[in-house]
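Residue numbers (UniProt numbering), protein chains in the order written: chain B, 1 to 440; chain D, 1 to 334.
Some hints here could point you the wrong way.
[What the hints assert, rightly or not] Capping the alpha-carbon separation at 27 Å, the derived lysine-lysine pairs in BS3-like fashion look like this:
1. K427(B) - K243(D)
2. K351(B) - K386(B)
3. K329(B) - K67(B)
4. K94(D) - K432(B)
5. K244(B) - K94(D)
6. K342(B) - K134(B)
7. K190(B) - K78(B)
8. K68(B) - K332(B)
9. K78(B) - K329(B)
10. K68(B) - K427(B)
11. K78(B) - K40(B)
12. K186(D) - K419(B)
13. K190(B) - K186(D)
14. K351(B) - K339(B)
15. K432(B) - K90(D)
16. K191(B) - K186(D)
17. K231(B) - K186(D)
18. K191(B) - K419(B)
19. K419(B) - K59(B)
20. K275(B) - K289(B)
21. K244(B) - K177(B)
22. K231(B) - K94(D)
23. K329(B) - K68(B)
24. K332(B) - K78(B)
25. K40(B) - K68(B)
26. K275(B) - K186(D)
It should be emphasised that the hints constitute simulated quantities derived from the structure, not laboratory data.
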Amino acid sequence: MRTNRVFAATALVAALGLTATACGGGSNDSGGSKSGGSTKGVTLTYWASNQGTSLDNDKQVLTPELKKFEQQTGIHVKLEVIGWADLLNRILAATTSGQGPDVLNIGNTWSASLQATGALLPFDSSNFAAIGGKDRFAPSAIASAGAAGQDPAAVPLYSMAYGLYYNKKMFADAGLKPPTTWAELDTDAKKLTTGGHYGIAVEGSNGSENIHHVFVLAKQRGSNWFDSSGKPTFTTDANVAAVKQYVDFIADGEAAKGDAEYAQNQTITDFATGKAAMMMWQSAATSIKAHGMTPDQYGVVPVPTQTAGATGDAGVTSMVAGINLSVFKSTKNKDAALKFVKFMTSTPEQKILNAAYGSIPPVTEAQNDPAFQTPDLKVLASVLGKSAAPLPQVPNESQFETLVGTAVKDLFADAAAGKSVTDASVKAALQKAQSQMPPS
Amino acid sequence: MTATAPPRSASEAGPDSGKSAGRGRLRPRIPQRLRNIALPYLLLLPALALELLIHIVPMVFGILISFKSLTLFYIRHWSSAPWAGFDNYKIAVKIHQPIGQALLHSFWVTIAFTVLSVGLSWLIGTAAAILMQDTFRGRALLRAIFLVPYALPVYAAVITWTFMFQQNTGLVNHVLHDQLHVTSDKPFWLIGGNSFWALVIVSVWKSWPFAFLALMAGLQNIPRELYEAAAMDGAGVWQQIRKITMPSLRPVNQVLVLVLFLWTFNDFNTPYVMFGQSAPHQADLISIHIYQSSFITWNFGSGSAMSVLLLLFLLLVTAVYLLITSRRRGDADA
Numbered sequence: 001m002r003t004n005r006v007f008a009a010t011a012l013v014a015a016l017g018l019t020a021t022a023c024g025g026g027s028n029d030s031g032g033s034k035s036g037g038s039t040k041g042v043t044l045t046y047w048a049s050n051q052g053t054s055l056d057n058d059k060q061v062l063t064p065e066l067k068k069f070e071q072q073t074g075i076h077v078k079l080e081v082i083g084w085a086d087l088l089n090r091i092l093a094a095t096t097s098g099q100g101p102d103v104l105n106i107g108n109t110w111s112a113s114l115q116a117t118g119a120l121l122p123f124d125s126s127n128f129a130a131i132g133g134k135d136r137f138a139p140s141a142i143a144s145a146g147a148a149g150q151d152p153a154a155v156p157l158y159s160m161a162y163g164l165y166y167n168k169k170m171f172a173d174a175g176l177k178p179p180t181t182w183a184e185l186d187t188d189a190k191k192l193t194t195g196g197h198y199g200i201a202v203e204g205s206n207g208s209e210n211i212h213h214v215f216v217l218a219k220q221r222g223s224n225w226f227d228s229s230g231k232p233t234f235t236t237d238a239n240v241a242a243v244k245q246y247v248d249f250i251a252d253g254e255a256a257k258g259d260a261e262y263a264q265n266q267t268i269t270d271f272a273t274g275k276a277a278m279m280m281w282q283s284a285a286t287s288i289k290a291h292g293m294t295p296d297q298y299g300v301v302p303v304p305t306q307t308a309g310a311t312g313d314a315g316v317t318s319m320v321a322g323i324n325l326s327v328f329k330s331t332k333n334k335d336a337a338l339k340f341v342k343f344m345t346s347t348p349e350q351k352i353l354n355a356a357y358g359s360i361p362p363v364t365e366a367q368n369d370p371a372f373q374t375p376d377l378k379v380l381a382s383v384l385g386k387s388a389a390p391l392p393q394v395p396n397e398s399q400f401e402t403l404v405g406t407a408v409k410d411l412f413a414d415a416a417a418g419k420s421v422t423d424a425s426v427k428a429a430l431q432k433a434q435s436q437m438p439p440s
Numbered sequence: 001m002t003a004t005a006p007p008r009s010a011s012e013a014g015p016d017s018g019k020s021a022g023r024g025r026l027r028p029r030i031p032q033r034l035r036n037i038a039l040p041y042l043l044l045l046p047a048l049a050l051e052l053l054i055h056i057v058p059m060v061f062g063i064l065i066s067f068k069s070l071t072l073f074y075i076r077h078w079s080s081a082p083w084a085g086f087d088n089y090k091i092a093v094k095i096h097q098p099i100g101q102a103l104l105h106s107f108w109v110t111i112a113f114t115v116l117s118v119g120l121s122w123l124i125g126t127a128a129a130i131l132m133q134d135t136f137r138g139r140a141l142l143r144a145i146f147l148v149p150y151a152l153p154v155y156a157a158v159i160t161w162t163f164m165f166q167q168n169t170g171l172v173n174h175v176l177h178d179q180l181h182v183t184s185d186k187p188f189w190l191i192g193g194n195s196f197w198a199l200v201i202v203s204v205w206k207s208w209p210f211a212f213l214a215l216m217a218g219l220q221n222i223p224r225e226l227y228e229a230a231a232m233d234g235a236g237v238w239q240q241i242r243k244i245t246m247p248s249l250r251p252v253n254q255v256l257v258l259v260l261f262l263w264t265f266n267d268f269n270t271p272y273v274m275f276g277q278s279a280p281h282q283a284d285l286i287s288i289h290i291y292q293s294s295f296i297t298w299n300f301g302s303g304s305a306m307s308v309l310l311l312l313f314l315l316l317v318t319a320v321y322l323l324i325t326s327r328r329r330g331d332a333d334a
């Protein structure tokens, strides 16, 4: 009797298991897109990234614009603002299941990785034509929308660039001018580090920030983090020197030791409250203001270079930072989705949205608007146009960010704990990161 | 089970066959014996189906994925990812290669963390439960307060700890350095070596109330007469605890320690909220490590293989633990 039962139960389990598996394999989305027909009455889902001071703030900024779009086209857009901590995982889940939004924002450094998954609609010439043409966008912004030599997987929506923010009063009191080379910055920072104030603040536990800075510092030395075939080259002398230069801000005492654990934008707080005289940040005007510092109290200059007036790679002072707009390939409303992309990248919308978020329009025509002629945005726009380079657009970019970003974070921790950070220890850390990169 | 089943089924079948006239035609064809066997399974079916859907199917898929090289190039059509055989496993267990070495390091960190956390949680929980065994004024209130960490949402609790552990502005350093002058410098808690201890502290704070709760319930079942008899025989408090309380709590402890072990070993929320996506080297718990290996680096095959290895390890530990503790209990009972 008992064996009978066991047998029956096993058979049942097996049968159920098989049916469930069959179901799992069968839910295949044909991805047939509604083309040609009317897009009126269609509802699009739009995943927006968090650009404002809060998710609610984003909703307040975007909702009136989406209403405008609905009035113009009859297409309703369902908005969901997603925090940065969740966005990539949500996109990955949507990619795996094929059940995702129609249009979405992505961090532009993810472009090549997401492009490699094949989840995003490539912007070939016909898709670009549908949204008004490729040459409306700044070339550097387009270069950060996918791997070179392939149709971009996205179009740029908001652009940003790094600049060196400095406290005017602290510089004037010390009789200093904003630095143009790293040697000058080091001298200034040491001079400004007195009485509980520090020369500069860095966001040591934020892996992405770390990556953005060591990328520029390496680029200025003519080094990349990947070779032309996409293989990691983390341990070149130039990359080691770049990481060491960045970590030395804490090791040399120019930045507070506590900066090593900063990961919640405390850098901006320190700068705005006068605890630090300088910081390297992207489009920080809104956040600085939120902490009570007025625009006339600080200035923005390009991030220093190794030698004054350097050009080419040596003159790169920023990554191309920004947000891209993508269409999910499995969307059933491709035409409506492209109409929405066209709307969001139209000159009037670019002006409204970028002004609201304190970013720079990647659509060149929109850049002339007075909203972007403030002293700081003028500097950042010129950086973006002249001395910004996109992060490596390789499929393994996100692994690079994680592994090297963490390695730099750990090196900061060493420096803050008083352990000496040497070329050898930096190289060992980078070697470890590189050996954990997946073969590609 | 076999002894009780037949009479129960018979009584259930009796009134049923009388009522349902419509199905009466079909009934005789199914032998009574089969009906008796089938009924319990029929009743179990909904539960089984859900169990399959929620637990077994995802597990099977996880195991399946661990044999595939599922990277970002394939997640869109993941069933078409190439089979990797045991490659993912080989990479994970090659302890002289970087990925295996990192996994092993993470494994040892997790073991140390788990042993410390479970040990301390159990110790504090037991001490508190025994101290609160006798009635006194305010006992109910204290009990309620003790249970607060267990009742708080994990995120809110841990993020508060993270603020307290901040080097510059945190409460912990304010007390240790500014008020008590215990440390000459403000130590870091969220990066470097101390991050391990910060993790242990938060984990113990979070899990000891559960130990307390379980042991408190266990203590209710010990007859007071035992203590009275022991006291008459001249046994002191310590002897009472050692000779009466602890042996009586053995069945509770057996389950409690196992559950705490499994929870702590697999804890993801605490390190994730404290350190974000990249934990410091010294506090690199295996759950975060596997998360990084799969979600951050988009190598789901490798992450799944590590998960399966973890599952096997935990199964082994659980089996050995149950075997040893049950045998010991069997000895004690005999």
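Outcome of the hint check:
no., hint, result
1, K427(B) - K243(D), "59 Å, violated"
2, K351(B) - K386(B), "21 Å, holds"
3, K329(B) - K67(B), "25 Å, holds"
4, K94(D) - K432(B), "15 Å, holds"
5, K244(B) - K94(D), "31 Å, violated"
6, K342(B) - K134(B), "11 Å, holds"
7, K190(B) - K78(B), "52 Å, violated"
8, K68(B) - K332(B), "23 Å, holds"
9, K78(B) - K329(B), "18 Å, holds"
10, K68(B) - K427(B), "54 Å, violated"
11, K78(B) - K40(B), "15 Å, holds"
12, K186(D) - K419(B), "16 Å, holds"
13, K190(B) - K186(D), "22 Å, holds"
14, K351(B) - K339(B), "18 Å, holds"
15, K432(B) - K90(D), "19 Å, holds"
16, K191(B) - K186(D), "24 Å, holds"
17, K231(B) - K186(D), "42 Å, violated"
18, K191(B) - K419(B), "24 Å, holds"
19, K419(B) - K59(B), "46 Å, violated"
20, K275(B) - K289(B), "16 Å, holds"
21, K244(B) - K177(B), "25 Å, holds"
22, K231(B) - K94(D), "22 Å, holds"
23, K329(B) - K68(B), "25 Å, holds"
24, K332(B) - K78(B), "15 Å, holds"
25, K40(B) - K68(B), "14 Å, holds"
26, K275(B) - K186(D), "18 Å, holds"
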